[in-house]
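Q: What follows is the residue order along each chain.
Protein chains: 2
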Amino acid sequence: MANLQEQNHLDTLQERIILALESSNISDAANIIQQDLSPPEAAHILESCPQKVRHLLWGLVNEEDQGEVLTHLNEDIQQQFLEEMSAEEIVETTQEIDNDDLADILQQMPTEASHRVLQLMPSEERSQVEGLLAFPEDTAGGLMTNRMVNIRGDVTIEAVLRYLRKKKLPKSLDVLWVVDRTQHYQGSLALTELLQSPPEAIISEIMDTSIKAIECTLHEDKVAQIFERDDLVSAPVVDADNILIGRITIDDVVDVIRDSADHNMMRLAGLDEESDTFAPILKSSQQRAVWLGINMATAFVAAAVMSRFEASIAQIVALAVLSPVVASMGGIAGSQTLTLMIRGMATGHISRANLSWIVLREMGVAVINGALWASVIAGITVAWYGQWSLALVIAAAILVNICIAVLSGTLLPFILKSARIDPALSGSVILTTLTDVFGFLTFLGLATVYLL
Amino acid sequence: MANLQEQNHLDTLQERIILALESSNISDAANIIQQDLSPPEAAHILESCPQKVRHLLWGLVNEEDQGEVLTHLNEDIQQQFLEEMSAEEIVETTQEIDNDDLADILQQMPTEASHRVLQLMPSEERSQVEGLLAFPEDTAGGLMTNRMVNIRGDVTIEAVLRYLRKKKLPKSLDVLWVVDRTQHYQGSLALTELLQSPPEAIISEIMDTSIKAIECTLHEDKVAQIFERDDLVSAPVVDADNILIGRITIDDVVDVIRDSADHNMMRLAGLDEESDTFAPILKSSQQRAVWLGINMATAFVAAAVMSRFEASIAQIVALAVLSPVVASMGGIAGSQTLTLMIRGMATGHISRANLSWIVLREMGVAVINGALWASVIAGITVAWYGQWSLALVIAAAILVNICIAVLSGTLLPFILKSARIDPALSGSVILTTLTDVFGFLTFLGLATVYLL
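The listed protein sequences derive, respectively, from chains B and F.
At position 234 of the first sequence (counting the first as 1) the number is 234 in the UniProt record's numbering, and the numbers step up by one without a gap.
At position 410 of the second sequence (counting the first as 1) the number is 410 in the UniProt record's numbering, and the numbers step up by one without a gap.
Hint data in this document are derived by calculation from the structure and do not stem from the laboratory.
The beta carbon of each residue, even a glycine, is placed where N, CA and C say it ideally should be.
Relax, there's no trap hidden among the hints.
Computed footprint of chain B on chain F; a stretch qualifies when at least three of its residues, placed anywhere within it, have a C-beta under 8 Å from a C-beta of chain B:
{"hint": "1", "segment": "14 to 25"}
{"hint": "2", "segment": "160 to 173"}
{"hint": "3", "segment": "280 to 289"}
Partial pick of chain F residues on the chain B-facing surface, computed with a CB cut under 8 Å:
{"hint": "4", "residue": "Ser48"}
{"hint": "5", "residue": "Leu195"}
{"hint": "6", "residue": "Asp251"}
{"hint": "7", "residue": "Gly270"}
{"hint": "8", "residue": "Arg361"}
{"hint": "9", "residue": "Val376"}
Okay, derived cross-link-like pairs now, BS3-like style, lysine-lysine, Cα gap no bigger than 27 Å in a straight line:
{"hint": "10", "chain 1": "B", "residue 1": "Lys171", "chain 2": "F", "residue 2": "Lys222"}
{"hint": "11", "chain 1": "B", "residue 1": "Lys417", "chain 2": "B", "residue 2": "Lys222"}
{"hint": "12", "chain 1": "B", "residue 1": "Lys222", "chain 2": "B", "residue 2": "Lys171"}
{"hint": "13", "chain 1": "F", "residue 1": "Lys171", "chain 2": "B", "residue 2": "Lys166"}
{"hint": "14", "chain 1": "F", "residue 1": "Lys168", "chain 2": "B", "residue 2": "Lys171"}
{"hint": "15", "chain 1": "F", "residue 1": "Lys171", "chain 2": "B", "residue 2": "Lys167"}
{"hint": "16", "chain 1": "F", "residue 1": "Lys171", "chain 2": "B", "residue 2": "Lys171"}
{"hint": "17", "chain 1": "B", "residue 1": "Lys52", "chain 2": "B", "residue 2": "Lys283"}
{"hint": "18", "chain 1": "F", "residue 1": "Lys171", "chain 2": "B", "residue 2": "Lys168"}
{"hint": "19", "chain 1": "B", "residue 1": "Lys171", "chain 2": "F", "residue 2": "Lys167"}
{"hint": "20", "chain 1": "B", "residue 1": "Lys171", "chain 2": "F", "residue 2": "Lys166"}
{"hint": "21", "chain 1": "F", "residue 1": "Lys417", "chain 2": "F", "residue 2": "Lys222"}
{"hint": "22", "chain 1": "F", "residue 1": "Lys283", "chain 2": "F", "residue 2": "Lys52"}
{"hint": "23", "chain 1": "F", "residue 1": "Lys171", "chain 2": "F", "residue 2": "Lys222"}
{"hint": "24", "chain 1": "B", "residue 1": "Lys222", "chain 2": "F", "residue 2": "Lys171"}
Make a model of the complete structure from these sequences and hints.
A: Shown next, in the form of structure tokens:
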């Protein structure tokens, strides 16, 4: 049953490679990499190893597979390997890969280096790749390939079949794009349709016009939304004049979907979704140090607020014990709303059009939960400290802080997005600062006024 | 340029629908829904509206489109609409949709109701759908459709072309599966290959054997990893005897990828990725109340720890002000590691095979960042309170807490996963509790021993 995808097939192979390396049995490791692993699988295993091992294994990859392995590696690692290769080696290695993948690779290299690579390429291919490099990486133009097979609408099925027999066709093609004389996009023709229609049928009469073209300037996140929503496998890309210039396939969109979903989760923790799990320790430390530093600053802002009330705390020590509870309830409620908003904005379900509905809803949820947990916490406080007045103060503070947290969680992503700041990255820091500061301020402020 | 996907096309249409409804102009809204929106777009807009509006708009959807709109709605909303339909209406509505989508819909209905629907279906279709219902929803079997076109390996291209002409073919077909006499999976044949090979070629001689079959019991997350890694558009599904039983297409896998990525982000905030952004306020409040309650409990655990040191705090109030800083630095460092681990486990880059590398790496990062921020915070403390002894105590506490946080963040997801507990959901609560408790304990404990 060599035909079967085994559940932990890759994990097992990785373990075997590690064992081989540990016993310095390089030829065993080489055998596994060269014979048992497909290029995407090899890339996956390279990504799951620390630097040193990774370089060793890269040397064991078959030369003819290196190009494909390279396209499947994440950007950080690609760059490391490219830096160590000469322009000639890069041209040699990337000969067989799709030109959109090659454009992606070149886009990350220093301009000078990518220039040298382009100079060494055959002129027809160079001009195709240069055409792609003109588009920003995060747009439909940056995602597309310009190696396509287009057909004219005014010809017959028979003519198309004859034409296709001579062409080099891309793998996993499911539809052909139909254009007019001047390359304007008109519609699509499924290969299945091509197989089943009478030879004399005219393309424009049987083509499907339901797949709309995507303009090359559209942001890749929007492209992903369209593919997801309409269950597309490929889509035509046009310029501002509706002239067909490329084709986007689902495999590239899947990467965008994964990255954009990961992006939000990773940014909420101050991490970069493209970063390498096994980057050098010092590099990772630097990246994470920034985030810890920012959060330290906000923690000290909150501490400074608290220190204004040192006199109150000295009199009622319970205030010190209960303050973090108030801050943390706000933090949790706020981060729930923030996560919901960031996800809704990513999927396109939340926009300016329905913002007022969202605000009303979230405030409803905040008031209900604020009231509920204010009462519970008040009860606990009475049971613990036996002071009704302290219980009332903490209840009021919890209610106010949860409402402020939820309102900020709802509005912050919109405000940040209008200011072109990534809400996932900065939203959580700003939100925590707000909930800490307002938590301490309301609780300690009310306590100072009413309890002392 | 009606052919073009506009950037904010849908937002604009949604705004126009809202305006129409606000001025009670139902027929305008109906026109937009029936003429300007494709079924997936209509589903998207329904998902972006509150309950009441949603029901109103659902009534305006063309009857022949309702089935397709239904398949594009999220599960919560599907269920609401299905509850209000009779079995006859459901059969009528879902006539045109793929049988794997229909199986998904039936899987969510109460057994009795889905039974009634199945009874009313034509017997051939019923047995196909029942075949699918036998598989758990989250496996390859649950993702696949069993409506396929398979070809035999021992026939010629010409025979296949003749055979296909008479068949009803699924849309967006790119490859055919090749089987032997007894339906064992053998390989694949791209439609492009079919178009370009000589009529007399034998299928088994030109077929591609690089696409491995997926076993029907494989978990959907693993299926998604394979599709992502190998850039697949469709894949064959086999049973334990390698007999071909179905076909998985990328459109269903894209939903799995989106859901699994969203799942982790949403669970880290205690939310459910399938839940409806516009669920009734009371229902949402309940869901989120549970999470707030759990976090409140952990906040009080931390508060209880702190209260053991009330005597120390009463003497040095600065301890109250600085405690939250210690806890929060641990929380941030821990949540970074936890997020990294959860993402790495989701993409398959982190497994038992390389756990020891990960632990070493993360501890390295923890020690470097712990030492760095311990020094910075010690500096700030000296500047603020002018006490070197206090500064030393907080520095030690920060270093210890960051190390504990990172070690827990690395190991927790593995321990939880072995115990079959979702690390994204419970990991963050457990982690925060640990960093709060250990933060307070080390800081206040050291302070009590050395400063009083």
